[in-house]
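> Take a look at the letters that make up each chain.
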Amino acid sequence: MNLIKHMPWLVIAGLASQPAVADQVHAAVAANFTGAMKSVVAQFEADSGHDVLLSFGSSGKILAQIQNGAPYEVFLSADQAKPKKLEEAGVVVEGSRFTYAIGALALWSSQPDFVQNDYARLTSGEFNKLSLANPKLAPYGLAATEVLEALGLTEATQDKWVQGENIAQTYQFVATGNANLGFVALSQIMSQGHVTEGSSWIVPSELYSPIRQDAVLLKKGQDNLAARDLMLYLQSDKAQDIIHTYGYQTE
Amino acid sequence: MFTEADLDAIWLTLRLATTVTLLLLIIGTPIAWWLARTDSWLKGPIGAVVALPLVLPPTVLGFYMLIAMGPNGVIGQLTQQLGIGLLPFSFWGLVLASVVYSLPFVVQPIQNAMQALGDRPMEVAATLRAGPWQRFFCVVLPLSKPGFITAAILGFAHTVGEFGVVLMIGGNIPQETRVVSVQIYDYVEAMEYGQAHVLSALMVGFSFIVLLGVYGFQRQSAGMLGVKS
Numbered sequence: 001m002n003l004i005k006h007m008p009w010l011v012i013a014g015l016a017s018q019p020a021v022a023d024q025v026h027a028a029v030a031a032n033f034t035g036a037m038k039s040v041v042a043q044f045e046a047d048s049g050h051d052v053l054l055s056f057g058s059s060g061k062i063l064a065q066i067q068n069g070a071p072y073e074v075f076l077s078a079d080q081a082k083p084k085k086l087e088e089a090g091v092v093v094e095g096s097r098f099t100y101a102i103g104a105l106a107l108w109s110s111q112p113d114f115v116q117n118d119y120a121r122l123t124s125g126e127f128n129k130l131s132l133a134n135p136k137l138a139p140y141g142l143a144a145t146e147v148l149e150a151l152g153l154t155e156a157t158q159d160k161w162v163q164g165e166n167i168a169q170t171y172q173f174v175a176t177g178n179a180n181l182g183f184v185a186l187s188q189i190m191s192q193g194h195v196t197e198g199s200s201w202i203v204p205s206e207l208y209s210p211i212r213q214d215a216v217l218l219k220k221g222q223d224n225l226a227a228r229d230l231m232l233y234l235q236s237d238k239a240q241d242i243i244h245t246y247g248y249q250t251e
Numbered sequence: 001m002f003t004e005a006d007l008d009a010i011w012l013t014l015r016l017a018t019t020v021t022l023l024l025l026i027i028g029t030p031i032a033w034w035l036a037r038t039d040s041w042l043k044g045p046i047g048a049v050v051a052l053p054l055v056l057p058p059t060v061l062g063f064y065m066l067i068a069m070g071p072n073g074v075i076g077q078l079t080q081q082l083g084i085g086l087l088p089f090s091f092w093g094l095v096l097a098s099v100v101y102s103l104p105f106v107v108q109p110i111q112n113a114m115q116a117l118g119d120r121p122m123e124v125a126a127t128l129r130a131g132p133w134q135r136f137f138c139v140v141l142p143l144s145k146p147g148f149i150t151a152a153i154l155g156f157a158h159t160v161g162e163f164g165v166v167l168m169i170g171g172n173i174p175q176e177t178r179v180v181s182v183q184i185y186d187y188v189e190a191m192e193y194g195q196a197h198v199l200s201a202l203m204v205g206f207s208f209i210v211l212l213g214v215y216g217f218q219r220q221s222a223g224m225l226g227v228k229s
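In the order they appear, the protein sequences are chains A and B.
All residue numbers for the first sequence refer to this note's numbering, where the first residue is 1 and numbers rise by one.
All residue numbers for the second sequence refer to this note's numbering, where the first residue is 1 and numbers rise by one.
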């Protein structure tokens, strides 16, 4: 009885005290950055006491969701084009855009010794399928086609291309052995600074335009302390050290 | 209005759906007949397996298909030994996956039609000295025709609408695995909403007409049965 009588006050007290305890931020993150982001966020939550809600997906899908009112406050894209597009649409906090990671590409097979740290396997044509991300949709796919072009192997390999809709699926085709060769994000096969399984060739960065991945603070998160803190944290040395262990570079 | 890639995708989708429907009618008929007539304890488990694709997310089905058809999977090892190679990223890989995916949509209407017949027509045919095969082909099949037509339409339409499984095992190869639903997905992801609208509208129209046809046909055949009984 007493409790019910005091209920309105309890609710108000609860609401008022919330910001002092911890803020929550909802971030949408490009699929290729999944592993790195989870590590960064674990550290961020421990350091700041804030709570982070993560949604992963292809940048294209996240962009469409944001344009249609998704409740994200921070967006980590796989490229620069999509954050710029949102800037033009006026849904981004001005001046918030920065490059949180520069992605690297690897030619990878799940079989040991299949790739001898070079692209001889590609030239030889001795592989069943070459998995790459759809160049129309995914920056890593575009980079893969640039590499093939630079090596003069586009036409020779084209018949063997199989395309993932995003880099996660591209990885899956190779990991399950259905394609014994593929261009994946280095971050997908790297953990604690090492390539953990299969065999690979880390593609020299001269062969493709840099995969600069930009983050933006969306207007929905403008007044959210946790969102602002997360944006700052991503630029800290501590976060960047973690990001490096996943095979990304930073500025 | 349609680009060449769109037309390729439409043609591929129609080819896939036709192949799958024909195969499913051949495979589904004995399964449906058995399920309709048996008293075996296996009826429950087999019926449940057939119905699984109704409730499983296509990603689950696609993921297991990818593994099963892969070099270390059961199907993959079989196809490699037969010299066919690996099935993912090929038209026939999609056919196999779609047969599994659309199986309940074909088996269940046929099974329902056969169950509705009851024992009577079979008994009458037997007294007229019709053998088991003759009874099946001359009595059961014609009388179950409405079930078969519903099954064929639903199997076809469901295969046309397939997406998740194709995405998992297709590899987006033009004229081989890039079906209409994947083409639409690509347009949306690439923010080419105009092209996405054209194909999407086609799918909505197609699906509506198909379902309208099924319901119209079911009402008609229900009416026919009503007059008879």
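It is possible that part of the hints are untrue.
Which residues of chain A face chain B? A few of them, derived with a C-beta cut under 7 Å, are [claimed, not checked]:
1) G60
2) P135
3) K136
4) L137
5) L153
6) T154
7) Q163
8) T176
Just so you know, the hints here were simulated from the structure itself, not pulled from any lab data.
Note that the structure is predicted; figures quoted are calculated from it, not measured.
C-beta atoms are modelled at their ideal positions from N, C-alpha and C, and glycine is treated no differently.
> Hint by hint, work out which the structure violates, then give me just those numbers in ascending order.
Those not satisfied are hints 2, 5, 6.
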